[in-house]
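> Residue numbers (this note's numbering), protein chains in the order written: chain A, 1 to 491; chain B, 1 to 607.
Everything labelled a hint here was simulated from the structure, so no lab data went into it.
Predicted model only: the values in this text are computed from it and were never measured.
Some hints could be false.
[Said to hold, decoys possible] From chain A, some residues computed to sit far from chain B (all C-beta separations above 12 Å): (1) I17; (2) M49; (3) S55; (4) I139; (5) P146; (6) S171; (7) L173; (8) G186; (9) F223; (10) H226; (11) P273; (12) N330; (13) L389; (14) L418; (15) Q433; (16) V472.
[As the list claims (entries may be wrong)] Listed below are the simulated BS3-like cross-link pairs for lysine-lysine, each with C-alpha atoms no more than 30 Å apart in a straight line: (17) B/K156 / A/K356; (18) B/K452 / A/K360; (19) B/K156 / A/K442; (20) B/K577 / B/K303; (21) B/K452 / B/K156; (22) A/K447 / B/K156.
[To be verified] From chain A, some residues computed to sit far from chain B (all C-beta separations above 12 Å): (23) L20; (24) L329; (25) A448.
We put the CB at the ideal spot given by N, CA and C, even for glycine.
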Amino acid sequence: MPLLSSILLTPVITLIILLLMPQKAVRGIRLICAFSGLLTCVLSLQLWMGYDPTSGGIQFEEIIPWVSAIGISYHLGVDGFGVILVMLNSIVYFTGVLTMWDLEDRVKEYFAFMVLLVIGVFGVFMSLDLFFFFFFYEIAVVPMYPLILIWGSGNRAYAGMKLMLFLLAGSALLFPGLLAIYHHAGLNTFDIIALSAHTFDPQFQIFVYPFIYIGFGVLAGLFPFHGWSPTGHVAAPSAVSMLHAGVLMKLGAFGILTVGIRLLPEGAAYWAPTFVVLAVIGIIYGAYVAMRQTDFKFVIGFSSVSHMGIVLLGLNLAVLGSVAATDALNGAVFQMFAHGIMTALFFSTAGYIYDKSHSKTIADFGGLGAQMPRAVSIFIVAGLCGAGLPGLASFWAELLVFLAALKTYPIAGVIVILGLVLTAVYILRVFNQAFFGAPNPKWENLKAQDMSGLHLIPRAILIAVLVIFGFVPRLMLDLINSTTVAFLGNF
Amino acid sequence: MDTLSLILLTTISPLACFIIAIIFLVQQPRAAQGLVLFGSAISLLSAIGLLVQGPVEPLRFLWFQSGAIQLQFGFILDGASLMFGVVVAFITACIMLYSVGYMAHDPGKTRYFALLSFFAWSMLSFVYAVDLLQSFIFWELVGLSSFFLIGFWFEKPEAAGAARKAFLMTRVGDVGLFIGILLILQLVSNFDIPSLLDPQTGLSTQVSPGILNAITLLIFIGIMGKSAQFPLHTWLPDAMEGPTPVSALLHSATMVAAGVFLMIRLHPLFMAAQDTALIVLSIATFTAILASTIAMVDTDIKKVLAYSSISQLGFMLMALAAGSLFAGVFHLITHAVFKALLFLCSGIYIHAYHTNSMAEIGRSGGRRLKATTLGLIIGGAALSGVPPLAGFWSKEEIFAQLGHNGFNIYMAGAFLAAFLTAYYTFRMIFLITKPDQAPASDHSHPEPLNMKAPVLILTLGAIVLGFFGSNIAQGLGLIPQHHSVILMISAVGVVILGILIAYFDYGRDNAPRTGFISKIAPLDTLFTNKWYIDDIYRVTIVAITHALSRILHWIENHVLDGNYDRFGLGILRTGAKSTRVQGGWMQLYLGWAIILLAVVALYLGLQ
């Protein structure tokens, strides 16, 4: 069986099995999900190894005609970016299942929705057909609503509704945009490869590109349409926040890349300066707002806005065709991966602390480092990665994007590099208020509940990934770089 | 053994110890401690092995490639890195040995030793790094280890605050450094230090003097942060909140030394950038004086030593900016030894009497700790530049260089700072050894052997190291400045003057025990309040950052989110209103139908 379909079908089959299983078989459900997560990791690793970076381009293609009358086909394939993001999704899926191991409430339904979300994400990263791309995109977005509404916490009805409305508003922009592309090309095909060979009229590109960019950008935490994301992160259960911030936000960036930039390069170049400004504002704004949050998860949520701004900045710098385009795109894709793993680690650990203490308020704690040393240490690693510390994966991503920014727009470059200080400010604020200082006697009972055994596994995996790519960026950059060169060569 | 295995042993063994200790030995602090000491010994021996082998060609490996950028990592094995590598490994080993006693009863012992090991790894890797980006990475990791060690007792809010301050202030400097490095990468797509420095094809031949000045200045901002130079120096005195052995490490061979070492590494670039060199010289001289003035009024022994470090770092940077690589390296090495010594001595006092106040230590009978007091006096005399101790020779080189290049104002500044150094150092010594009242009770504290041994070894170092100046110069491939006798005499004169005044103020019988500066009230207030620099930051930069984040937070909640919410609620309300149209109320339907018919009829009629 072809590799990509195997990866896509693993969660599909898992979902079918889950639905057939009895409600009570909680243990079995967990085990099956964990196994399926592990299997996708193994298959993704095989994909990573099997992808030939020297020849680059799209590999592992599979085509099955679907609705020939309007040119829809089941067309899968990945380039280097896809390989990396498929890997990201597998890791977050597997560690997400392990993170939710202790869930007791409606386990079957929870995992069913979560697996559905995972299917959607895999589909998007592999689809080379616009119809399927959009189809999987919606599959990935919709389960968020029940997941937040049923298993969420805090103001979940509001958060779920807000998230849904924002994302559907994004889709409402996307749908006409995608249809316009289909019709304007007049090729009677939804195939992305075929469409990318077509040269669209520049006026058309300039008109349609904002629909695509903003439509996908909403999901990528684009300023000023980011409001749903921190609210949604906070209300969602841990593993959902992990998938949401870790992977789902990357769908937006990936969509901009594969549909927006690939199909409408001139439109992208026309709008890039404007969107660079928005991205820079997002980076700085997110950091400043994060400084004043009182809730752990809100800090992480706004840090995501800030960090995804780096991805968007990289994407926009890449289309400007400057000398730094390669670095910019390499950095953006690297950041998608690094940020995905980092936020997964963040939410996974913040979620653990919340599960044990039922508090997310930073000021409630103080000196937690003495009470839960392991959980706190892990959170600190994630925080340091967020602050762009060398030795952890994000450093390389930020380095490349900042370098490109400095080359293309020196002022923007200096501003975003200064943003590094702001990141350190809000991260250290959390450390100092929640983890350092005199221990709060209220939480003495947490001493016995520090992370141990099984709970350490998902976090250890995520940290290992951050450290490995932090010290050996080449493992990933070789893959990204060849694809980037090929991608930009088409311009 | 071949060079590669030696360098790997030097750098990797502390890392391996860190990983093993932090993952497997949390419950076995004694095992962790033993392992870390063992790793440190291996590291020291291999570093010495490398030094004995002598300089060799750099080793390079491909790290990664992105677009036109190719990054390598590897090891540079020239005189400077070989010598300083040994100093780092040696001082770390001494301090680890000392910590066995100092931290004997601390519950977080494994974490402590693991972090020390991590610190050693990052500093050694920084010293041997061949690529500028590699240097930057380990430079940041050095900062990170300092953050964790300063905040080691994180349950104390002061310690946590000091750690944060250190991290943020050095971070501000690092942003400058980072931009500088990225500028280099843009201009030459290469970070290899030897080729950047190459006199024929290096960076200084490829870019205009203006750009070179800009780049070096940005790099110097990083050095200012790390080596605690004005105006980014205020984190270092606060960093005293960490355990004393950590301060000893931080102030001698690691952290603050990293900044100076970076300047040593890139010395040719700074020499090619004349304007930057002058700026560095001015800031360093000013810092040397500023820090000494604060040291002469502070009462906390560790704070005095901290300000003294800031001031001595200023001396090193002065030497480098004035053009003498040798003087900079020499003073860096001698200072590493006698400053580590002084901190270790202060640690024994603090450990024994549970006070940081010099006067208190004296009153409690500080001078009864014989070995420690010997170390304090020798170390202090070396710091002041009393001949023939280590500090005398290295400071002498700095004066000689300043005189040689005709930097007369800076020379005067250096003399002033040297005078103040002698004064505050002997003030410290007199306060401890000549207390105003005899100790109340005679309960003597033992000096444990594992704390005494490092002190004695370093004392020996502070005595003899000065005579190895010519060896160090040789190692760098340089010739030391010719010493002028007049300069030497005046330097000694300044030192003696400082000591005499300190004796008059604090040392003689019936001494007033107040500094001469207290007679000049405005200066006294200024110095006691540390020139108000922290207060200025509090009302400017810190306040502005807070205000901005408050404003943007308000915008997020009230402008952006508020309007989205209003928009959403508006739609809901419109929806709720429009449902009335279909309320199932027959009369209303009928009414609408009639109105509609009337309109149609009217329209048709008007046709």
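> Next step is simple, just say for each hint if it's right about the structure.
The hints, checked one at a time:
no.: 1; hint: I17; result: holds, 36 Å
no.: 2; hint: M49; result: holds, 18 Å
no.: 3; hint: S55; result: holds, 17 Å
no.: 4; hint: I139; result: holds, 24 Å
no.: 5; hint: P146; result: holds, 20 Å
no.: 6; hint: S171; result: holds, 16 Å
no.: 7; hint: L173; result: holds, 15 Å
no.: 8; hint: G186; result: holds, 36 Å
no.: 9; hint: F223; result: violated, 9 Å
no.: 10; hint: H226; result: violated, 8 Å
no.: 11; hint: P273; result: holds, 20 Å
no.: 12; hint: N330; result: violated, 5 Å
no.: 13; hint: L389; result: violated, 6 Å
no.: 14; hint: L418; result: violated, 6 Å
no.: 15; hint: Q433; result: violated, 9 Å
no.: 16; hint: V472; result: violated, 8 Å
no.: 17; hint: B/K156 / A/K356; result: holds, 25 Å
no.: 18; hint: B/K452 / A/K360; result: violated, 48 Å
no.: 19; hint: B/K156 / A/K442; result: holds, 18 Å
no.: 20; hint: B/K577 / B/K303; result: violated, 71 Å
no.: 21; hint: B/K452 / B/K156; result: holds, 28 Å
no.: 22; hint: A/K447 / B/K156; result: holds, 19 Å
no.: 23; hint: L20; result: holds, 39 Å
no.: 24; hint: L329; result: violated, 9 Å
no.: 25; hint: A448; result: holds, 16 Å
Hint compliance for this structure: hints 9, 10, 12, 13, 14, 15, 16, 18, 20, 24 are not met, and every other hint is.
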